[in-house]
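Please build the complex by placing chain B on the supplied structure of chain A, with the hints as guidance.
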Amino acid sequence: MKQIAIVAFHQSRAVADAGACNEVEMIMPVLSEVYQQVGINNAQDVDFVCSGSCDYLQGAAFAFVAGVDALGAVPPIKESHVEMDAAWAVYESILKIRMGHADSALIYGFGKSSPGELPIVLSQQLDPYYLAPQWVDTISLAALQARLMLEQGKLTERDMAEVVSRSRRNALNNPNAQLAGDISAEDVLADEMYLSPLRKADCCPVSDGASAMIICTVEKAQQWGVPFALITGIDHRIETHNLGMRDLTDSVSTRLAAEGAGVADGSVDVAELYAPFSHQEIILARALGLDEGTSVNPSGGVLAGNLMMASGLSRIGEVFQRIVSGEAQRGVAHATSGPCLQHNLVTVVEKA
Amino acid sequence: MANLAAVVGIGQTKYTTKRGDVSIAGLVREAAQNALDDAGLNWNDIDAVILGKAPDMFEGVIMPEIYLTDALGCNGKPMLRVHTAGSVGGSTAIVAASHIQSGTFRRVLTVAFEKQSESNAMWALSSPQPFSTHLNAGAGGYFAPIIREYIRRSNAPRDVGIKVAVKDRLHGARNPLAHLQRPDITMKEVEESFMLWDPIRFLESCPSSDGACAMVIACEELAEQGPKAPAWIRGVAMRSEPTMYAGREEVSPQAGKDCAADVYKQAGISDPRKDLDCAEVYVPFSWYEPMWLENLGFAPEGEGWKLTMDGATSLDEGGDIPWNPSGGVLSSNPIGASGMIRFAEAARQVRGDAGDHQVEGARLALGHAYGGGAQFFAMWVVGAEKA
Chain A
1 MKQIAIVAFH QSRAVADAGA CNEVEMIMPV LSEVYQQVGI NNAQDVDFVC
51 SGSCDYLQGA AFAFVAGVDA LGAVPPIKES HVEMDAAWAV YESILKIRMG
101 HADSALIYGF GKSSPGELPI VLSQQLDPYY LAPQWVDTIS LAALQARLML
151 EQGKLTERDM AEVVSRSRRN ALNNPNAQLA GDISAEDVLA DEMYLSPLRK
201 ADCCPVSDGA SAMIICTVEK AQQWGVPFAL ITGIDHRIET HNLGMRDLTD
251 SVSTRLAAEG AGVADGSVDV AELYAPFSHQ EIILARALGL DEGTSVNPSG
301 GVLAGNLMMA SGLSRIGEVF QRIVSGEAQR GVAHATSGPC LQHNLVTVVE
351 KA
Chain B
353 MANLAAVVGI GQTKYTTKRG DVSIAGLVRE AAQNALDDAG LNWNDIDAVI
403 LGKAPDMFEG VIMPEIYLTD ALGCNGKPML RVHTAGSVGG STAIVAASHI
453 QSGTFRRVLT VAFEKQSESN AMWALSSPQP FSTHLNAGAG GYFAPIIREY
503 IRRSNAPRDV GIKVAVKDRL HGARNPLAHL QRPDITMKEV EESFMLWDPI
553 RFLESCPSSD GACAMVIACE ELAEQGPKAP AWIRGVAMRS EPTMYAGREE
603 VSPQAGKDCA ADVYKQAGIS DPRKDLDCAE VYVPFSWYEP MWLENLGFAP
653 EGEGWKLTMD GATSLDEGGD IPWNPSGGVL SSNPIGASGM IRFAEAARQV
703 RGDAGDHQVE GARLALGHAY GGGAQFFAMW VVGAEKA
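Protein sequence lines correspond, in order, to chains A and B.
According to this note's numbering, the first sequence is numbered sequentially starting from 1.
According to this note's numbering, the second sequence is numbered sequentially starting from 353.
Restricting the straight-line Cα-Cα distance to at most 20 Å, the calculated cross-link-like pairs of lysine to any residue (SDA-like) are: (1) B:Lys-609 with A:Pro-75; (2) B:Lys-617 with A:Asp-47; (3) B:Lys-580 with B:Trp-395; (4) A:Lys-220 with A:Ala-352; (5) B:Lys-617 with A:Asp-103; (6) B:Lys-609 with B:Tyr-597; (7) B:Lys-617 with A:Gly-100; (8) A:Lys-2 with B:Gly-455; (9) A:Lys-154 with A:Leu-189; (10) A:Lys-220 with B:Ala-354; (11) B:Lys-626 with B:Lys-658.
Because the hints were derived from the structure by calculation, they are not lab data.
Next up, chain A with everything else stripped away, as it sits in the complex (with noise of 0.2 Å):
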């Protein structure tokens, strides 16, 4: 099969409110970003383009359409979207390289979440008859996962407090963190509760941005002389919606996942998960098998700002710029969508 590179990255800064600034002027430095980094000047210069959004983020149907406006479209260009963080449109994109219909692809994805109550609206991925009447938060569900993995015995306050202590100290380093600070595990612990077992802290920002990528075959990455590292393996794999019939303390379909992509054939350098709560953190290294010869999210992970239908596709890139920066060899980026870990993708990026 077709080997894959990832020859450009960007993502914008994670800010709590972007005010008057809409989807189109998001997306459009992060794309001129990406287009630098390869040397080119807009979307014909790629073969194909997927996007990632949400509807319900705008409030309004098509969100991605108005997304066409900043690829400069004219004449007309090959391209897709999924409803999906943008991590799944590297997998389609990954899809149409492999079958030889593009040679290079452009991917980005964007959200604005700040104008809506980002917790309520999301209540509405769940089951429309029983479950999304109901107006169930996704930080309630969060809360009944780490309670369970707290009565389990699986992991404790402080551990979760850890991992927050752990996303704002790395964050400090990441431009592009909303929240960043050095903070203590005993700092966390001493906040009130918000939602028990949940600290504010434990649960990730809202945050409004964008990210893009550039993909394409390693003869491509060639010719354009680029420093790039290579996809070695991608997976995705989804679990039941229904709450009940999962252990909600492991994340069945994150090994599935890993497995698919090849985790366990190397040492893991460097992973990025996305975790927006920090118990799910320890659920997904646990999941894929990563022990303390892994440095877990030195960006800070989404704990440190969360682009919804970004923050995905970002962590590939993270993991990407440490690879080609030299700092990893090699590295895992996971992407996950619906509550409690519902679906996960999972993918392997190894130096050229």
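Chain B in isolation, oriented as in the chain A frame:
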């Protein structure tokens, strides 16, 4: 070079105004089960599921693939959700095919649906936006001025749209799954139906339907083992252009022309009217038949309406290039599924499995879908032979 892939199973629900007897999950399950039955397979034979539908706001379920995992037998498998406006049913089939054509999977299930009775499409399409002009027009209001411009340019007679409306309903009367069953429809009745968006009359518009469509797509080796003839995927193409830009040709969009040229090249088609045996084309408002006949190269510019008026696109008149033998979008319109129904019906034709609306001896067929402000296009060509 892409791997060979073929449609080996097709399943649809009966299209109707309201399926009050099933949930959304029940609706998609029914189409998927029908597709598996048609392919002689069961749920364990499927490697991945690719789901498509129009905007989430229609039914008010955000990212419904999350909720539909159980219904589509997808637990522990990959699930992808495609959304490309009205072309989504076609795009979803193309993305599903890429799972096979890339050599990544051997057999996948793809499903598209809309349950319009649980939604309000007009509301969902008209929510005001803080930075944009509020266009409270719906799809008909958007396309009517473009149709008027087509009529002005082509000098087409006023009854072309009426003829298409009658023709597609007569086709639909041959298809037991079609929503509208009007074997008795007349030109006079269509002409006297009330004007919605001049020149589009009520009976020149698509209905609002509940329904789902599913296909099983398999690799070459597995396709040859199926109980029924496969429909080989001979070409796939998608194109997008912005909703508005200076000099945009809205009557015959460049994206549609480019998409057609791409898919014809892959399938070895030089003269679509001659080389293809039939086409299932997204015609939600009657006048879009002559407009797409030109955009897709079946007729020279300004002359698409002549094919329609000559009966070239009619099964009942023995036309040489029947369009929408299933009855088309004018007979059934579960929006998110409508594109996939076009793709699936094209496949039924070349499998020789289209019942009373079979085009005799069909070997090569086009499936077409469009969306947004006629700016997103998805097309495939399927054939009875591999090449």
